[in-house]
Amino acid sequence: MDTPNPDNHGEFFDQFLDDYYAECDEHLVSIRRALVTLEDAGTVDRALLDNLFRSFHTLKGISGMVGLAAAEQLAHHLESYLRELRDGTLTLNKPGFEALVAGVSLLEGVINARRNDQQIPSIDEITVRLQAVSSEPTTGEVAKNDVAPTRWLVEFTPTAELAERGVNVNSVRARLQELGQLVQAKPVVKGAGEIAFEFIVATEADETAFATFEADGLTFRPAPVEPAPQPRDTQPVPTIAPASVVRVDLDRLDELMRIIGELVISRTRLEDQLTELKRTTPAAAWRSLQETSQSMGRQLRDLRESVMRVRMVQIGEIFERMTFVVRDLARESGKKIIVQLSGGETEIDKFLVERMMDPLMHLVRNAVSHGLETVAEREAQGKRSEGVLSLSAMTAGERIVIKIADDGRGIDRNVVVERARARGISHANSEIDDEALLDLICTPGFSTRDEADRESGRGVGMDVVKKATEELGGRVSLVTKVGEGTTFTIELPLTLAIAEALIVSVNGQRFAVPQSAVREVLEVESASTSVLENNEIISYRGKVLPLLRLARVFEMNYQRETSFHVLVLGEETNAVGLAVDRILGQREIVVRAIKDPLAQSKGIAGATELGDQRVVLILDTSALRQLAITAKH
Amino acid sequence: MEPFILFELAGTTYGVRSRFVQQIEMIEDAASVPNAHPAVEGVVLVRGQVIPALNLRTRFGFERIERDLRSRLVVINTGNRVVGLVVDTAREFLKIPAESIEPPPEALTGLSGHYLEGIATIGERMILILNLDAVLDLEYEVEPQISQMMTDGR
Amino acid sequence: MNNILVVDDSPTMRRMVITSLGALRSVKSTQAGSGLEAIERLAIEPVDLMVLDLNMPDMHGMEVIDFVRKHQAYRDIPIVVLTTKGEESSRKEALAKGANRYLTKPFDPRQLADVVSSLLKAH
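Chains as they are written, first to last, in my numbering: chain A, 122 to 754; chain B, -11 to 142; chain C, 11 to 133.
Everything labelled a hint here was simulated from the structure, so no lab data went into it. Accuracy of the hints is not assured; some may be wrong.
Below, in silico cross-link-like pairs of lysine to aspartate or glutamate (EDC-like), each with a Cα-Cα straight-line distance of 16 Å or less [what the hints assert, rightly or not]: (1) K80/C - E494/A; (2) K107/C - E73/C; (3) K588/A - E475/A; (4) K307/A - E73/C; (5) K664/A - E692/A; (6) K307/A - D76/C; (7) K588/A - E13/B; (8) K588/A - E605/A; (9) K311/A - E276/A; (10) K602/A - E644/A; (11) K38/C - D19/C; (12) K716/A - E16/B; (13) K131/C - D86/C; (14) K723/A - E692/A; (15) K457/A - E494/A; (16) K524/A - E468/A; (17) K588/A - E16/B; (18) K215/A - D449/A.
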């Protein structure tokens, strides 16, 4: 049961929830990775156990702070079990490992339940299991870490200058870890009272490896033979050095993009003002101002592109997550599965990752649950006992191609066709080709809700996979052979036509206006408009700005509001103010062309959708301005 | 023998060759397109593509009705164009032998042009087979009332 | 301006501590994610008080207390241990080694601020 923080400082700690979740995610990833390594390796590595222990310990601490008692208690039990394993009072066996894995999954579940405001699952059963495995007194030797040939003593004296250069105890540590095994890291006080760190590293590399050390204030010499390290010294499992990777929120990137959008508008205004100054400014001075403005424009463009590149992530991250899921499923079902990965370093926009994560996961789950057979079935068919699930990615021109393949049962056309017929979906016969087969499987209603829930608990079905892919402008295809296996191929465009847009409401309908076309946004009272030569105008920067009402150009009904907004479009001399009822927000949109003549219309540049499946039309501002001129006469 | 998708409109059954039907969807609200032909309800997003939703009732000059749970969007892909047709219901799939399809009667052709490829008679039933190119070409006037009367539609 | 060194391997924890001390006047904070980093900070900049977690990688908090108390230059720096509730023996050991106060997590932000403030004044 989860109770609010008993010290009643709940509100204080709530502000740290985002940090909490982010830190939990990091720990859970490293825990999962460690579990996979534990499962694969023949011997048990003490350093690994210690890392696991510490991760659970930290998770216990921060969960306690934010008041998530279930997570705190679960982490506590996991930590206790790990302490015994680490100290050697218990050895890791199968039931123990399984309890660990189950415990970690549940811990993840508890944290996610809190994150999504759902009911927190009960931890009682797992607690009992963990306590059961923790109390089995089996003794065993904890594997000692192997020691490599030569030991060197490296001394590092930290100074403020070195720290400024990036040479600090962490970076030195990382460097030494790359060379070999770090056996010791301890602080000492030298003769004159200054602090230094003594590292002992065991490496097969020779002296040349230390060539760069002296420049960074490091000295080295062969280490005296020392006794084995004490229990508290540990060797952390090599991880990505903290300095080289930064965790970035997609929201913060969106914020960056928004600010860049505003910079673009400001710069355009600067350009306009420069144009005005031309007459009254000495030529040379003006030219140099102009150059500055232009180079700013170029720099902004570069900045925008760089931020977009930050959004690229390696698809290997998704593959890794899939590997965990596959192992869980394999373990639960007793199947033996080997996961082959390739192309993990292929980069993909984070936006695509977020949209495709669930669908791709669904395909993987399907492959494991339905595609791959049990050991017995496979051996009966003369296949190797381990099923192979291969995940691959590569870029092909402007597209990224992701394949999820298994060497399992394959999809039986007859079964699919029968079921489609029984469900009243289709009357196709079994001679359908792979493409038609895919269509059938992806028809909503093909698999029943119960199945979808059991598999993924979230109602992601094949129809969603197809839909999500196609909405991103991609394509799903399928190749399958009974008895041999199935391969799903997902192709996605690498670049989407993405633009920044203002979403506005005019006469009850939503439209998108490209940010780049908007010079400025004004708030206007109806009372302050006047009529000049049959056109509505307002005063703007000492000049007259004609107003453009979509109702006139588009023949819509409209009501006058007491106040409304005006988007200033176009250059100073032929600027026009587009009247809108409300500004709903600023969004990055995926621009889709309207190809069919039936739906094309002057003043409409294309369409997009804002995540609610409803289409929003994108205004063509230059065409609108033309239309405004013709509507006048 | 060719498979056809059948749909209903104002009490009459129409058919289109199933190879031209990309999919059949429940209709979501279409975004209204300004200055478009009155029969174009708007645009919808299907498979990542923005396509027009053509209301066949309006196209054929029938009275428009409120949408209900049976209304469907039949997405037609002729190879050149992808357009959605808004119809009353669309649930049937039928194989029609070529022999059962007769060319539209002279009287009809003269009056309302070639929007019909033919009329299929299966037992008591009459199914009007659409000529999609004509239906989708809005330059082309369509007046199906006469053919409705001939097939006993309302 | 007093410099408070916050030592804990959890970034979330460090943020919480720093925020708790935010209201104190003439106080700035520095962070360290491990015992080694903490000692490095001592070597590089003047530190007026340490808030120290115990269970940390590569150098246990107790060893940090040992090190700090054994050396002239740092002997008198006030140390507030802030750690997960453990055994009573741990508390005694820390105080015996020279820690000034021993607080447990989850902590009361006001209490922490008060403790730090009074230790700084006395110093």
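Right, here's what the structure says about each hint:
1. Distance check on the hinted pair: K80/C and E494/A sit about 64 Å apart at the alpha-carbon level, beyond 16 Å; violated.
2. Using a Cα cut-off of 16 Å, the hinted pair K107/C and E73/C holds, with the two alpha carbons roughly 9 Å apart.
3. For the hint pairing K588/A with E475/A, the CA-to-CA distance comes to about 14 Å; that is within 16 Å, so the pair holds.
4. With a C-alpha separation of about 10 Å, the suggested pair K307/A and E73/C falls inside the 16 Å cut-off, and the hint holds.
5. The hinted pair formed by K664/A and E692/A meets the criterion: a straight-line CA distance of about 13 Å does not exceed 16 Å.
6. Taken as a hint, the K307/A and D76/C pair is honoured in the structure, with Cα atoms around 12 Å apart against an allowance of 16 Å.
7. Restraint check for K588/A and E13/B: satisfied, since their Cα atoms lie roughly 12 Å apart, inside the 16 Å limit.
8. The suggested pairing of K588/A with E605/A is violated, with an alpha-carbon distance near 27 Å, which exceeds 16 Å.
9. At roughly 11 Å between alpha-carbon atoms, K311/A and E276/A fall within 16 Å of each other, so this suggested pair holds.
10. For the suggested pair K602/A and E644/A, the alpha carbons sit about 64 Å apart, so the restraint of at most 16 Å is broken.
11. Of the supplied pair hints, the one linking K38/C and D19/C is violated, its CA atoms being roughly 19 Å apart against a limit of 16 Å.
12. Restraint check for K716/A and E16/B: the C-alpha separation of about 20 Å exceeds 16 Å, so the hint is violated.
13. Straight-line distance between C-alpha atoms of K131/C and D86/C comes to about 14 Å, which keeps the hinted pair within the 16 Å bound.
14. At roughly 21 Å between alpha-carbon atoms, K723/A and E692/A are farther apart than 16 Å, so this suggested pair is violated.
15. For a cut-off of 16 Å, the pair hint linking K457/A to E494/A stands: about 9 Å separates their Cα positions.
16. Restraint check for K524/A and E468/A: satisfied, since their Cα atoms lie roughly 15 Å apart, inside the 16 Å limit.
17. Our distance criterion of 16 Å between C-alpha atoms is met by K588/A and E16/B, whose separation comes to about 15 Å.
18. Between K215/A and D449/A, the direct Cα distance comes to roughly 14 Å. Compliance with the 16 Å bound is thereby established for this hinted pair.
Hint compliance for this structure: hints 1, 8, 10, 11, 12, 14 are not met, and every other hint is.
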